[in-house]
Amino acid sequence: MGKSRCKGDVTIVCGFIFKREEIMYVIGITAHEIILNECIAQGIDYDEMYAIIRELLIKYNAGKAFAKRRGIKWLNNVTKKIPYRTEFIDIVAHPENYTKKERKVFAWKVACEMWYSEKSIMVLDHMKMFVEEGEALAHIIDSVYMKGANTKKSDEAMQKELFMGHTKYFDVKKDAIVLYGLLIWKYCKRRDREDRDNGIIDDNGNIID
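Position 53, counted from 1, in the sequence shown is what the numbering used here calls 53; the numbers after and before it change by one each time, with no gaps.
Since the hints were derived computationally from the structure, they do not count as laboratory data. Don't take each hint at face value.
Now the in silico label distances, taken between C-beta atoms and shown as ranges [to be verified]:
1. Glu102 - Lys189: 17 to 25 Å
2. Lys189 - Lys104: 20 to 28 Å
3. Glu33 - Asp155: 46 to 54 Å
Each computed DSSO-like pair below joins lysine-lysine, with the alpha-carbon atoms no more than 27 Å apart [what the hints assert, rightly or not]:
4. Lys189 - Lys174
5. Lys153 - Lys119
6. Lys119 - Lys109
7. Lys147 - Lys168
8. Lys152 - Lys189
9. Lys101 - Lys128
10. Lys186 - Lys81
11. Lys80 - Lys153
12. Lys168 - Lys189
13. Lys101 - Lys168
14. Lys100 - Lys186
15. Lys109 - Lys189
16. Lys186 - Lys174
17. Lys128 - Lys100
18. Lys119 - Lys152
Here a beta-carbon is modelled for each residue, glycine too, at the ideal position from N, C-alpha and C.
Turn these sequences into a full structure, and let the hints guide you.
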């Protein structure tokens with residue numbers, strides 16, 4: 001798990017800044033309820049977020065393999081980070097404006113980028129602290145999607161490891177995918193706001209020359 005530090009009412013985890021109340025350990029409320037309520041509070045459709053992020057995760061290892069075939073360890077188009085971030089925020093906010101093909105193309109482009117892996121590591125650390133079951137949720141994402149093609153685990157293996165039945169496991173896995181996406185989205189929104197305040201991008205998310 002990445003390093004974290006507390007300063008007053010704020011906790012910093014691998015670059016993520018969030019208030020104590022955002023560590024949502026609430027007695028009597030399940031992780032699913034917390035994640036669902038957070039989506040509602042942010043105006044995000046739970047099922048749409050699942051569909052968007054699942055596609056991105058599926059493309060993860062394929063993107064690395066593609067970059068390797070191109071003769072480089074990984075693509076690192078830093079100048080595309082802001083445009084990709086702006087597009088992601090818009091896809092989550094207005095999923096109806098994007099076709100399934102457009103979402104797949106976007107997922108593929110991002111999955112090929114080295115900085116996406118770096119941000120994913122930060123997100124997994126944040127997941128572990130966001131809800132009480134966060135360790136298990138982060139473990140599912142890391143084991144099923146983030147490991148290398150030859151070392152990642154199947155859903156069947158994860159079910160056995162976590163001692164979960166079929167229905168329970170896939171419900172928890174869906175929560176894990178949505179939480180992963182929610183935290184990426186919150187990070188993107190924060191960075192977007194910072195760049196606007198610093199005059200790096202305009203109100204439409206375009207880079208200011």
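Hint check:
{"no.": "1", "hint": "Glu102 - Lys189: 17 to 25 Å", "result": "holds, 21 Å"}
{"no.": "2", "hint": "Lys189 - Lys104: 20 to 28 Å", "result": "holds, 23 Å"}
{"no.": "3", "hint": "Glu33 - Asp155: 46 to 54 Å", "result": "violated, 23 Å"}
{"no.": "4", "hint": "Lys189 - Lys174", "result": "holds, 22 Å"}
{"no.": "5", "hint": "Lys153 - Lys119", "result": "holds, 21 Å"}
{"no.": "6", "hint": "Lys119 - Lys109", "result": "holds, 15 Å"}
{"no.": "7", "hint": "Lys147 - Lys168", "result": "holds, 23 Å"}
{"no.": "8", "hint": "Lys152 - Lys189", "result": "violated, 30 Å"}
{"no.": "9", "hint": "Lys101 - Lys128", "result": "violated, 32 Å"}
{"no.": "10", "hint": "Lys186 - Lys81", "result": "holds, 15 Å"}
{"no.": "11", "hint": "Lys80 - Lys153", "result": "violated, 31 Å"}
{"no.": "12", "hint": "Lys168 - Lys189", "result": "violated, 31 Å"}
{"no.": "13", "hint": "Lys101 - Lys168", "result": "violated, 30 Å"}
{"no.": "14", "hint": "Lys100 - Lys186", "result": "holds, 23 Å"}
{"no.": "15", "hint": "Lys109 - Lys189", "result": "holds, 20 Å"}
{"no.": "16", "hint": "Lys186 - Lys174", "result": "holds, 18 Å"}
{"no.": "17", "hint": "Lys128 - Lys100", "result": "violated, 30 Å"}
{"no.": "18", "hint": "Lys119 - Lys152", "result": "holds, 19 Å"}
This entry does not satisfy hints 3, 8, 9, 11, 12, 13 and 17, going by the numbered hints stated previously.
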